[in-house]
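Chains Y and H, in that order, are what the protein sequence lines are.
The opening position of the first sequence corresponds to residue 1 in the UniProt record's numbering, with each subsequent residue numbered one higher.
The opening position of the second sequence corresponds to residue 1 in the UniProt record's numbering, with each subsequent residue numbered one higher.
Honestly, I wouldn't trust all of these hints.
As the list claims (entries may be wrong) - If you want the ones that stay clear, here's a sample from chain H, every Cβ over 12 Å from chain Y, calculated:
| hint | residue |
| --- | --- |
| 1 | R10 |
| 2 | A89 |
| 3 | A93 |
| 4 | A157 |
| 5 | A210 |
| 6 | G219 |
| 7 | S222 |
| 8 | R318 |
| 9 | D335 |
| 10 | R336 |
| 11 | P344 |
| 12 | E391 |
What the hints assert, rightly or not - Dumping the calculated SDA-like pairs for lysine to any residue here, alpha-carbon to alpha-carbon at most 20 Å:
| hint | chain 1 | residue 1 | chain 2 | residue 2 |
| --- | --- | --- | --- | --- |
| 13 | H | K259 | Y | F248 |
| 14 | H | K284 | H | A24 |
| 15 | Y | K259 | H | A24 |
| 16 | H | K259 | Y | K259 |
| 17 | H | K259 | H | V274 |
| 18 | H | K259 | Y | A334 |
Said to hold, decoys possible - So these bits of chain H aren't anywhere near chain Y, every CB distance computed over 12 Å:
| hint | residue |
| --- | --- |
| 19 | A86 |
| 20 | I155 |
| 21 | R177 |
| 22 | R205 |
| 23 | G230 |
| 24 | A233 |
| 25 | F243 |
| 26 | G265 |
| 27 | S315 |
| 28 | D320 |
| 29 | D333 |
| 30 | A334 |
| 31 | S385 |
Worth flagging that the hints you see were computed from the coordinates, not collected in a lab.
Each residue gets a CB set at the ideal place from its N, CA and C atoms; glycine is no exception.
The residues making up each chain are set out below.
Number of protein chains: 2
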Amino acid sequence: MADHGTADRRLRLGIAGLGRGFMAMRATLSRHPRVVLAGAADPREEARRRFAADCGAPAHATVEELCADPTLDAVYVATPHQFHAAHVALAAAAGKHILVEKPMALTLEEAGAMIAAADAAGVHLIVGHTHGFDAPILRARDLIAGGEYGAVRMITAMDYTDFLYRPRRPEELATERGGGVMFNQAPHQVDVVRLLGGGLVRSVRAVTGAWDQARPTEGAYSALLTFENGAVATLTYSGYAHFDSDEFCGWVGESGQPKDPERYGQARRLLGRVAGPDDEAAFKSTRIYGGADEPPGAFPDDPPFHQHFGVVVVSCDRADLRPTPRGVLVYGDADRHLDPLPPPTVPRAEVLDELCAAVLDGRPPVHGGAWGLATLEVCLAMLRSAREGREVTLSRQVAVPGNAPIFSRGRPDGVPGMAASPELGSR
Amino acid sequence: MADHGTADRRLRLGIAGLGRGFMAMRATLSRHPRVVLAGAADPREEARRRFAADCGAPAHATVEELCADPTLDAVYVATPHQFHAAHVALAAAAGKHILVEKPMALTLEEAGAMIAAADAAGVHLIVGHTHGFDAPILRARDLIAGGEYGAVRMITAMDYTDFLYRPRRPEELATERGGGVMFNQAPHQVDVVRLLGGGLVRSVRAVTGAWDQARPTEGAYSALLTFENGAVATLTYSGYAHFDSDEFCGWVGESGQPKDPERYGQARRLLGRVAGPDDEAAFKSTRIYGGADEPPGAFPDDPPFHQHFGVVVVSCDRADLRPTPRGVLVYGDADRHLDPLPPPTVPRAEVLDELCAAVLDGRPPVHGGAWGLATLEVCLAMLRSAREGREVTLSRQVAVPGNAPIFSRGRPDGVPGMAASPELGSR
């Protein structure tokens, strides 16, 4: 591991897996002021070639080779889900700090082993990116922790997307292999809701939906979560590409980009052109990093708004808080205002902020291994509750640590207010 | 009871209770083409005087006297909740058909007795108005029953209002006396969700919220309902007057009137001027029928849009349906459209349509006594689930009868389409 000497030292990060997780994080990784993109591993030669050309850093065929690089501080494990546990173990054994993509793992046993491996090696393990890192969510949590609005009582979260009709490899449509919305979308919403609700989920009652026999994994769920502190949350998700809840988010998409409502039905239309599972997987392979047909702008470099995961309303004693792509709408007893967040300078910076703060500054992360395991426990409990038709009680939950602010906005003076935002006006 | 001879005969209806329920129904009652407002009862002399002047019909001091009027076909029981059972029994004994306001009763025993009384007398008993009668809800149900969109899988319903901060009498803030949102708002949302989900709720898990010690009744709830047919619904309600979900309904209020978002906080501000419970009750008494300060326009005579009860999304196999004040938004596999409903000619006509169809045309009502009892069972189960911290199984549910259309739109040819509605455009 490199020496941690000076205050402006940068984190040398290696990427395990140049797939969609990496694509979503590419702009972040290349532009974050505290991170140097210092290596990668991927079995696909075209991805390695592209990475070497794009980043001027070595690209290896295996994660073992990547972890053997003594100049790396940390590894971002963005390989397919089923490899997370093994690759985290490899990175920990090599003394690297670790950022692992969601879902952390497919079982609590795997997640526990990952935490143990990181602990044994004395390295940090952070689970992300999830939308629980979005600046408006962190800011809402800080407003709650400030105490001005009283206790959190009720949270409503809903998100309607086209998730299930994006091009998929066969395992992405098989729940037992980590496919479907319970492993790939619920971690976002659960992370958001746990952060705002304090973290300690007591019980889960959920119903999951697998409504399309042609894509036989969960595409939807409804859940009611109770918290140890008495708060309650309802979570609703549909990835079946009908109603799009971005309609309630000012037509800003998940990645913070303006969205054209006239492109209705696009996911199903594109998918209608592929002939079957093999063709679909081949189609997807052309659209990933190093592929022939990587879609431009799928993950915008400079989104004008913050990322989000649908509608979230947090009801406190003296206000409802609504994190939005523009900031946090605060609906108080007497008046309402937007607590504005200027557009992100680096999209998704928050997850790397947290990794760098842990490794370089010694600040314990919020979204560490135990946090990630607790979110996974909720997602698995949703599956179990639906399967068994009963409420499931949890035992591995952890609280949000302390009341100190998580999100340093670093908002410069004189940023124009956004009180006249269309979200507050008539429509 | 008057003779039921001719096809254009009108229903002679008496009103038991000239309170807020009557005020909300006044325009409906006076303008419905099949109803004659033929009498009333209220203990307040000023209300009786006003009614006689407004309607040119007799106003009695007691419900007994009203029911003794041999010219009446039916009685609308809109007295305070705790009197519903006794007044329904009186009306049934007098051979009158009955429309009883929600909540039907405060216990299942009372509700059962009301059904038995109506059955013994051979009269119809209909429970309403609730927003389960709103034309867009009925139309959405008919679209579902038509089968084109497949099975109902998931329903999301959310409503955020200022309910708890409207002027109240003390009993309206005491749950055991029928106060709070579980008896006064949940019946709307449960009626809506049951109609769309087929009616047969299997289980209820809910958490209720009484967050304001100064108004010590439930002001909020979250609930997850499972249905016998496998569908699931999440219901969220807050009456704590912060976020207003009419923001997601094109700023159309519950009664179908345009709403000014700039009047934020008005309910709390008005309430801040009263000195205590007695003052609040006195304040409320000036604002009811026959009072000195009846608020103009509280219930618009000619709302430009349909009534609603917040956001409702019904996910079916092949479409999401969203009832809105303008019609039903249909988000299909390939495209979306608004199934438009022209503005109502008589607001809330649907509940009197159903009463008249039952009494004059012999068509069995959808929202009969057994239906109302089933909705009450769900509301009571929500209270119990919250109190006992567990899921509650139901046993008194009834299905929506058949697949025949409930809502006859009678839309005249040439009504301009509303496909270019702002709800479908960018904002």
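We went through each hint and held it up to the structure:
Every CB of chain Y is more than 12 Å from the CB of H/R10 (nearest about 41 Å), matching its label as outside the interface. Distance to chain Y confirms H/A89 as a non-interface residue, since its nearest Cβ pair spans about 38 Å, more than 12 Å. Chain Y leaves H/A93 outside its interface by the beta-carbon criterion, the shortest separation being 43 Å against a cut-off of 12 Å. Residue-level check failed: H/A157 sits 10 Å from the nearest beta carbon of chain Y, not beyond 12 Å.
Consistency note on H/A210: stated as away from chain Y, yet its beta-carbon is not over 12 Å from all of that chain's, at 10 Å minimum. Not every C-beta of chain Y lies more than 12 Å from that of H/G219, the closest at about 10 Å, which undercuts listing it as non-interface. With a cut of 12 Å on Cβ distances, H/S222 falls inside the contact zone with chain Y, its closest approach being about 5 Å. A Cβ of chain Y approaches the Cβ of H/R318 within 12 Å, the least distance being about 8 Å, so the stated non-interface status is violated.
Not every Cβ of chain Y is farther than 12 Å from the Cβ of H/D335; the closest lies at roughly 6 Å, contradicting the non-interface assignment. The Cβ of H/R336 sits about 6 Å from the closest Cβ of chain Y, inside the 12 Å cut-off, so the non-interface label is violated. For H/P344, the non-interface assignment is confirmed: its Cβ lies about 22 Å from the closest Cβ of chain Y, beyond the 12 Å cut-off. With a minimum CB-CB distance of about 6 Å to chain Y, H/E391 fails to clear the 12 Å threshold, and the non-interface call is violated.
Only pairs whose Cα atoms come within 20 Å are accepted, and H/K259 paired with Y/F248 is accepted, the gap being roughly 18 Å. Of the pairs offered as hints, the one joining H/K284 and H/A24 holds, with about 15 Å between alpha carbons and a cut-off of 20 Å not exceeded. Straight-line distance between C-alpha atoms of Y/K259 and H/A24 comes to about 41 Å, which puts the hinted pair past the 20 Å bound. Straight-line distance between C-alpha atoms of H/K259 and Y/K259 comes to about 27 Å, which puts the hinted pair past the 20 Å bound.
Distance restraint check for H/K259 and H/V274: the Cα-Cα separation of roughly 25 Å exceeds the 20 Å cut-off, and the hinted pair is therefore not satisfied. Restraint check: the Cα-Cα separation between H/K259 and Y/A334 comes to about 18 Å, which is no more than 20 Å; the hinted pair holds. Consistency note on H/A86: stated as away from chain Y, and its beta-carbon is indeed over 12 Å from all of that chain's, at 36 Å minimum. Some Cβ of chain Y comes within 12 Å of the Cβ of H/I155; the nearest lies about 8 Å off, and the non-interface call is violated.
Consistency note on H/R177: stated as away from chain Y, and its beta-carbon is indeed over 12 Å from all of that chain's, at 24 Å minimum. Chain Y draws H/R205 into its interface by the beta-carbon criterion, the shortest separation being 5 Å against a cut-off of 12 Å. The non-interface label for H/G230 is inconsistent with chain Y: the shortest C-beta to C-beta separation is roughly 8 Å, within 12 Å. With a closest Cβ-Cβ approach of about 7 Å to chain Y, H/A233 is found to fall inside the 12 Å limit, against its non-interface label.
The Cβ of H/F243 sits about 4 Å from the closest Cβ of chain Y, inside the 12 Å cut-off, so the non-interface label is violated. Residue placement check: H/G265 does not keep its beta carbon more than 12 Å from all beta carbons of chain Y (closest about 5 Å). With 12 Å as the threshold on Cβ separation, the claim that H/S315 sits away from chain Y is violated: the shortest Cβ distance comes to roughly 5 Å. A beta-carbon of chain Y is positioned within 12 Å of the beta-carbon of H/D320; the least distance is around 4 Å.
Here H/D333 does not stay apart from chain Y, with its beta-carbon only about 6 Å from theirs, under the 12 Å limit. A beta-carbon of chain Y is positioned within 12 Å of the beta-carbon of H/A334; the least distance is around 5 Å. The claim that H/S385 is not at the interface with chain Y is violated, since a C-beta of that chain comes within 12 Å of its own (minimum 10 Å).
Comparing the model with each numbered hint stated earlier shows that hints 4, 5, 6, 7, 8, 9, 10, 12, 15, 16, 17, 20, 22, 23, 24, 25, 26, 27, 28, 29, 30 and 31 do not hold.
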